[in-house]
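Kindly produce the complete structure, drawing on both the sequences and the hints.
Here the protein sequences line up with chains A and B, keeping their order. Our numbering puts the first residue of the first sequence at 1, with every later residue one more than the last. Our numbering puts the first residue of the second sequence at 1, with every later residue one more than the last.
Since the hints were derived computationally from the structure, they do not count as laboratory data. For each residue, glycine too, the CB sits at the ideal point set by N, CA and C. Take the hints with a grain of salt, since some may be wrong.
Among the chain A residues that face chain B by a calculated CB cut under 8 Å, a handful are [to be verified]: (1) Ala164; (2) Phe165; (3) Leu168; (4) Gly343.
The calculated label-pair distances, taken between Cβ atoms and stated as ranges, are [stated by the list, open to error]: (5) B:Tyr18 with A:Ala182: 35 to 41 Å; (6) A:Val52 with B:Ile7: 23 to 29 Å; (7) B:Asn2 with A:Gln327: 24 to 30 Å; (8) A:Lys333 with B:Ile7: 49 to 55 Å; (9) B:Leu57 with A:Glu459: 54 to 60 Å.
Pairs of lysine to aspartate or glutamate, EDC-like flavour, derived with a Cα cap of 16 Å [said to hold, decoys possible]: (10) B:Lys86 with A:Asp379; (11) A:Lys342 with A:Asp389; (12) A:Lys313 with A:Asp389; (13) A:Lys303 with A:Glu340; (14) A:Lys470 with A:Glu377; (15) A:Lys20 with B:Glu23; (16) A:Lys467 with A:Glu307; (17) A:Lys314 with A:Glu340; (18) A:Lys26 with B:Glu23; (19) A:Lys424 with A:Asp441; (20) A:Lys470 with A:Glu345; (21) B:Lys22 with A:Glu377; (22) B:Lys90 with A:Glu311; (23) B:Lys86 with A:Asp369; (24) A:Lys333 with A:Glu345; (25) A:Lys77 with B:Asp82; (26) A:Lys374 with A:Asp337; (27) B:Lys90 with A:Glu387; (28) A:Lys467 with A:Asp310; (29) A:Lys313 with A:Asp337; (30) A:Lys77 with A:Glu367; (31) A:Lys75 with B:Glu23; (32) A:Lys374 with A:Glu345; (33) A:Lys75 with A:Asp141; (34) A:Lys386 with A:Glu422; (35) A:Lys26 with B:Asp82; (36) A:Lys386 with A:Glu345; (37) B:Lys90 with A:Asp373; (38) A:Lys467 with A:Asp337; (39) A:Lys467 with A:Glu311; (40) A:Lys344 with A:Asp379.
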Amino acid sequence: MGGYQVISIVLSILVLIGIKLMSSPKTARQGNALSALAMLLAIISIMLYNEVLTVPLLWAGIAVGGTIGCILAYKVKMIQMPQMVALLNGLGGGASLFVVLVEISNNLTYMAVFSKVSGLLALMVGGITLSGSLIAAGKLDRKIPQKPVSLPGDKVISALIMIAFAVLIVLSAICSNLTLLAIAIITALISLIYGVMFAMRVGGGDMPITISLLNSFSGLAASISGLTIGDPLLVSVGAIVGASGLILTQIMCRAMNRSLLDVLNGAARKKKTVSNNETTTSHEVRVIEEKINIKAPKAPRIKSVEEIIDEAKKIIIVPGYGMAVAQAQNQVKTLFDLLESKGKEVNFAIHPVAGRMPGHMNVLLAEVDISYDKLKEMDEINDKFKETDVVIVIGASDVVNPAANTAEGTPIYGMPVLNTEEAKHVIVFNLDDKPGYSGVDNALYTMEHVQLITGNASETVNEFNLKIAK
Amino acid sequence: MNPWILIVIFVVASYLGYKIIKEIPTLLHTPLMSGSNAISGVTILGSLVSTAFAVSLGSKIIGFIAIVFATINLLGGFLVTDRMLKMFNKN
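Here's what the structure looks like:
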């Protein structure tokens, strides 16, 4: 085993330890720093090993990329994190695509079949990741309409592309080396087109699954390009990232009540819930674009909300993406402080798909200084609702819809939800009383012990704070 | 390197990664994603070497783009992850 192989193993282990440290908020920062250090060492050692430390073009690339990377990292807002991650995924996939193109054109005359075939696979995964992620980032950033768009004959085109991929791989294995570059370029172009198609037909609410999958792809692309180049570090580290994305994809699928196969097929077919996606999108856009008339809170049924809060001891707050869209995090923090100052026990219940990417809600709440030990996962808190006096739902709908347990045949049936209805009282802040992303009416809204306050959450929660502060 | 060894590395790394990442709480999934994303900028290793040995102007340009992309991915990813993790552990 050569020196570089040993270094590769050591650095891969450092990366694994770095990720392992991410299991706890206390050590996560060091873990991230350790992974970064491992990457730095990898860059230095590969440049030394290949004696390319003095090539100016390399440093120019690092300088340009480094500057852009720093600016992006410091400018991005926490609410924009999904599109940031999507963009970075895309760049990672793009880097793999370009590396393989260069590698193929450098080694045209003496590439082994293994390198050629893996190279083509890397071009496919890298190309799909690049264009798919850019479209996803555009959708998340609302530069592209969030509703799913698919071409007429989308299914046929997809099938043709899959056949083309298979043919290209076979051709690459048997072709003369001179036509290889042409095959590679065609493969790259088709992959880019396929990536666009794949991301365009996904709706805004499906983004948590999509960017998790693209995350996995970006790692996979790096790993396969490592097979082509013959670099063990690329192979191992890329595979680790691929596995990470796969786990997140699985978690998201489970939380959104879909199997991975369904998502892949569902993405290939036109989805049933198209019209619902559209309504969700228009709701969200409305929040941002125009000021919503705040309806007065519904007339209290038996007790006023002030009384309910006054008598409560245990309170759980359930935030959803609606809170983030309405930019109500600060008002929620104020509410939390207010309730705690009144001596109440307050926790947050976070559903796995709250937000636009895995864990998004936790980051948004951490940003407004809510301590992470108050943020409870669904499995941890779901059996505590029955002993809770008041649940305050802010901008969440499907994830608290009890219909998921009872309404057979609806898209959310069987989806794990927060059992908010088990609490003594529920106060819901939502834009309106229309169904959430799934299109299923929220059974919670019509229950006796539930009060619905409609309007823009940042305003309605603020009013609520003023009322209970008295 | 022998392709079979590379494939074994691929399988072992996927398995270990899967085992370790499974233990990470949902609380930290966004930083995990941006952090692992940064790590996928590991492609920079390939792009540095390929570009250094690129002969034609076209390959040099494409290689340069690959380095830029991978560096944005690496540095942007690690820095933004650090920003987030700082928020989780303020004291």
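How the hints compare with the structure:
1. Ala164: Constraint on A:Ala164 not satisfied, violated at 22 Å.
2. Phe165: violated (20 Å)
3. Leu168: Hint violated; A:Leu168 Cβ to chain B Cβ min 19 Å, cut 8 Å.
4. Gly343: Violated, because the Cβ-Cβ distance from A:Gly343 to chain B comes to roughly 23 Å (cut-off 8 Å).
5. B:Tyr18 with A:Ala182: 35 to 41 Å: holds (38 Å)
6. A:Val52 with B:Ile7: 23 to 29 Å: Since the Cβ atoms of A:Val52 and B:Ile7 sit about 27 Å apart, the hinted range of 23 to 29 Å holds.
7. B:Asn2 with A:Gln327: 24 to 30 Å: For B:Asn2 and A:Gln327 the Cβ distance comes to about 55 Å; the hint is violated.
8. A:Lys333 with B:Ile7: 49 to 55 Å: holds (50 Å)
9. B:Leu57 with A:Glu459: 54 to 60 Å: holds (58 Å)
10. B:Lys86 with A:Asp379: At roughly 26 Å apart (the allowed maximum being 16 Å), A:Asp379 and B:Lys86 break the hint.
11. A:Lys342 with A:Asp389: Measuring from Cα to Cα gives roughly 14 Å; hence the hint holds.
12. A:Lys313 with A:Asp389: holds (6 Å)
13. A:Lys303 with A:Glu340: Violated, because 21 Å separates the two Cα atoms, which is more than 16 Å.
14. A:Lys470 with A:Glu377: violated (32 Å)
15. A:Lys20 with B:Glu23: Measuring from Cα to Cα gives roughly 8 Å; hence the hint holds.
16. A:Lys467 with A:Glu307: This hinted pair holds, its Cα atoms lying about 11 Å apart.
17. A:Lys314 with A:Glu340: Roughly 10 Å between the alpha carbons, so the hint for A:Lys314 and A:Glu340 holds.
18. A:Lys26 with B:Glu23: Given pair A:Lys26, B:Glu23 holds - Cα atoms ~15 Å apart, limit 16 Å.
19. A:Lys424 with A:Asp441: violated (22 Å)
20. A:Lys470 with A:Glu345: violated (19 Å)
21. B:Lys22 with A:Glu377: holds (15 Å)
22. B:Lys90 with A:Glu311: violated (33 Å)
23. B:Lys86 with A:Asp369: OK: B:Lys86 and A:Asp369 at ~11 Å, within 16 Å.
24. A:Lys333 with A:Glu345: holds (14 Å)
25. A:Lys77 with B:Asp82: With Cα atoms ~14 Å apart, A:Lys77 and B:Asp82 stay inside 16 Å; holds.
26. A:Lys374 with A:Asp337: holds (12 Å)
27. B:Lys90 with A:Glu387: Answer violated: B:Lys90 to A:Glu387 is near 31 Å, above 16 Å.
28. A:Lys467 with A:Asp310: holds (11 Å)
29. A:Lys313 with A:Asp337: At roughly 14 Å apart (the allowed maximum being 16 Å), A:Asp337 and A:Lys313 satisfy the hint.
30. A:Lys77 with A:Glu367: holds (10 Å)
31. A:Lys75 with B:Glu23: violated (31 Å)
32. A:Lys374 with A:Glu345: holds (10 Å)
33. A:Lys75 with A:Asp141: holds (14 Å)
34. A:Lys386 with A:Glu422: Status holds; Cα separation ~5 Å.
35. A:Lys26 with B:Asp82: The given pair, whose Cα atoms are some 13 Å apart, holds under the 16 Å limit.
36. A:Lys386 with A:Glu345: holds (15 Å)
37. B:Lys90 with A:Asp373: Roughly 13 Å separates the two Cα atoms, so the pair holds.
38. A:Lys467 with A:Asp337: It holds: about 14 Å lies between the C-alpha atoms, which stays within 16 Å.
39. A:Lys467 with A:Glu311: Holds, because 15 Å separates the two Cα atoms, which is no more than 16 Å.
40. A:Lys344 with A:Asp379: violated (22 Å)
Against the hints set out earlier in the document, violations occur for numbers 1, 2, 3, 4, 7, 10, 13, 14, 19, 20, 22, 27, 31 and 40.
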